[in-house]
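Student: Residue strings, one per chain:
There are 2 protein chains.
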Amino acid sequence: MAAKYERIANELREKIRSRELGPGDQLPGEQQLVADYRVSLPVVRQALDVLESEGLVDRIHGRGTYVRAPRQRVRRTPERYQWEKDRVLLSEAQRGRTGATEKDTGLTMSDLEFSARYDTVHADEDLAATFKLPVGAKLLRRRYSTKSRQERAPISAIVSYLPYDQAAENPALLEESNEPWPGGTQHQLYTIGIELECIIDHITTRPPGPEEVEELDLRPGVSVFCLRKVSVSTTGAIVEVSDVVLPGDRTEFVYTTTLAPWKKEGQR
Amino acid sequence: MAAKYERIANELREKIRSRELGPGDQLPGEQQLVADYRVSLPVVRQALDVLESEGLVDRIHGRGTYVRAPRQRVRRTPERYQWEKDRVLLSEAQRGRTGATEKDTGLTMSDLEFSARYDTVHADEDLAATFKLPVGAKLLRRRYSTKSRQERAPISAIVSYLPYDQAAENPALLEESNEPWPGGTQHQLYTIGIELECIIDHITTRPPGPEEVEELDLRPGVSVFCLRKVSVSTTGAIVEVSDVVLPGDRTEFVYTTTLAPWKKEGQR
DNA sequence: GAGTGGTCTAGACCACTGT
DNA sequence: CAGTGGTCTAGACCACTCC
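Heads up: the sequence lines are chains A and B, in that order. The numbering used here numbers the first residue of the first sequence as 156 and each following residue consecutively. The numbering used here numbers the first residue of the second sequence as 156 and each following residue consecutively.
Hints listed in this document are in silico derivations from the structure and should not be mistaken for laboratory results. Being a predicted model, the structure only gives us computed values, none of them experimental. There may be inaccurate statements among the hints.
[To be verified] Simulated restraints on C-beta separations:
id : chain 1 : residue 1 : chain 2 : residue 2 : range
1  : B       : K293      : A       : V409      : 25 to 33 Å
2  : A       : G348      : B       : Q237      : 27 to 35 Å
3  : A       : V276      : B       : R193      : 38 to 46 Å
4  : B       : D279      : A       : E370      : 29 to 37 Å
5  : A       : S173      : B       : E161      : 34 to 42 Å
6  : B       : L288      : A       : R230      : 17 to 25 Å
7  : A       : D191      : B       : T413      : 57 to 65 Å
8  : B       : N325      : A       : L288      : 49 to 57 Å
Idealized CB from N, CA, C, for every residue including glycine.
With the sequences and hints as input, model every part of the structure.
Tutor: Right, here's the structure in full:
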């Protein structure tokens, strides 16, 4: 009852799972499969479409179809937030020496190409709800892009929002030409008297749009992580919201929850 | 230079993004598009394949192609871990009354269909590294499935691993017939003298296999979240590892990181 | 039954990668 | 150059949904 393309996909998938075809191995050519299974070319291609969308194979034009190897994931932990906060109180020279991206990647400042674009937008329903501001509230939008100079590997694309009136308290914060700001956003907030109490991470996943496939160099079938970072000040106000899009096959989030001890004895 | 199917996909995508076609709206039929764009049927279908894999449209056999509406996401926060820990010290009657799944969903015990299967496996490289045990170490594997009795909606599929020798200290823990255990895993660990110090969540995403598409009722293009939960006892030992697979379009993780205050004054 | 999407054939021609 | 995947045509027939 199963469709022919499903049968072919199933058999090839089984060979991959059983390691008969290991990572990096080449699959039979399309014409070979046409002959093996006595079907037409589009059917074979449809079967390979399935495997590609499951992330099992890579198709390389002019070379062949290969079993995809799992990718090395970059770990992202919330420890960076405390690290960033502690850095705010250092001298400007110390703050300028290195940023959070360098800490993550181990690259130095000179390896990185950094760009920032500022503009103002009005809060849509979603942002308004997150900020607990009315729809249409004026926001400063800051878009950051960091790339490695060597490889054309894009490291991250970040969109950050600040309530406009809050940012305007220090006019220097409205100028994109001041980027990269030594000490980052937490230091920028510090210049207008804001200390962060906590940061709330919201993690979702979704398929990428075509721009993101281009930008993040994603293979077919790979989803992206969306991290929405909500920063809360010690006064309880929501002072920044930022959205980070990360490649789903190269990222891992790690969060540790410490539990309060039982009051009474509980050991045997 | 763009392929015909890409042009069609781009135009339709633009209509969806601009809200000219809103969630739930029907797209033109395939034959209609064939006529509109003067291309063959497979080209139109290829364009729709693209939009489907981007999660923008649903294709319903015999009815039509519709703009997909975003799904309501279920929030998952680590507060449940503390809640589970506190519950361990309650009486058996109190523990039996409700479990973590009910807390999440608001459903009652009688609405839920619970099943558990136990067996033993040997640690592969991945599990061995997580447990910090040698490869091949004996593990008790416990697979849980919880479904709502009304809808055929599967709520979660969980695989949990315990070091076998550790679990064997209380023979009752080796019997799947004792499930559902009042008070859950943390109470089970309590019976062998283990108190949890912290739980470490590792979050990744990947495309689903065909079984998961079936099991979780996933639409094409939707990835799954994989949550690996590592439980550490107060003695520093890794006492449980569990893997949870969640639908990527219906799940959101929320983690709050509280930051230590600056020692000196930092307000203006 | 009318309308819709799902599968399949048999072939053509183009574009990219390697030697 | 040979070998490989990428795009496309012009049809045929089946399967599902709704009236």
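Student: If a hint holds in the structure, say so; if it does not, say that too.
Tutor: Hint check results:
1. B:K293 to A:V409: 25 to 33 Å: holds, 27 Å
2. A:G348 to B:Q237: 27 to 35 Å: At roughly 33 Å between Cβ atoms, Q237 of chain B and G348 of chain A fall inside 27 to 35 Å, so the hint holds.
3. A:V276 to B:R193: 38 to 46 Å: holds, 40 Å
4. B:D279 to A:E370: 29 to 37 Å: holds, 35 Å
5. A:S173 to B:E161: 34 to 42 Å: holds, 36 Å
6. B:L288 to A:R230: 17 to 25 Å: holds, 21 Å
7. A:D191 to B:T413: 57 to 65 Å: Roughly 59 Å apart at Cβ, these two residues keep to the hinted range, so it holds.
8. B:N325 to A:L288: 49 to 57 Å: 54 Å Cβ-Cβ, so the 49 to 57 Å window holds.
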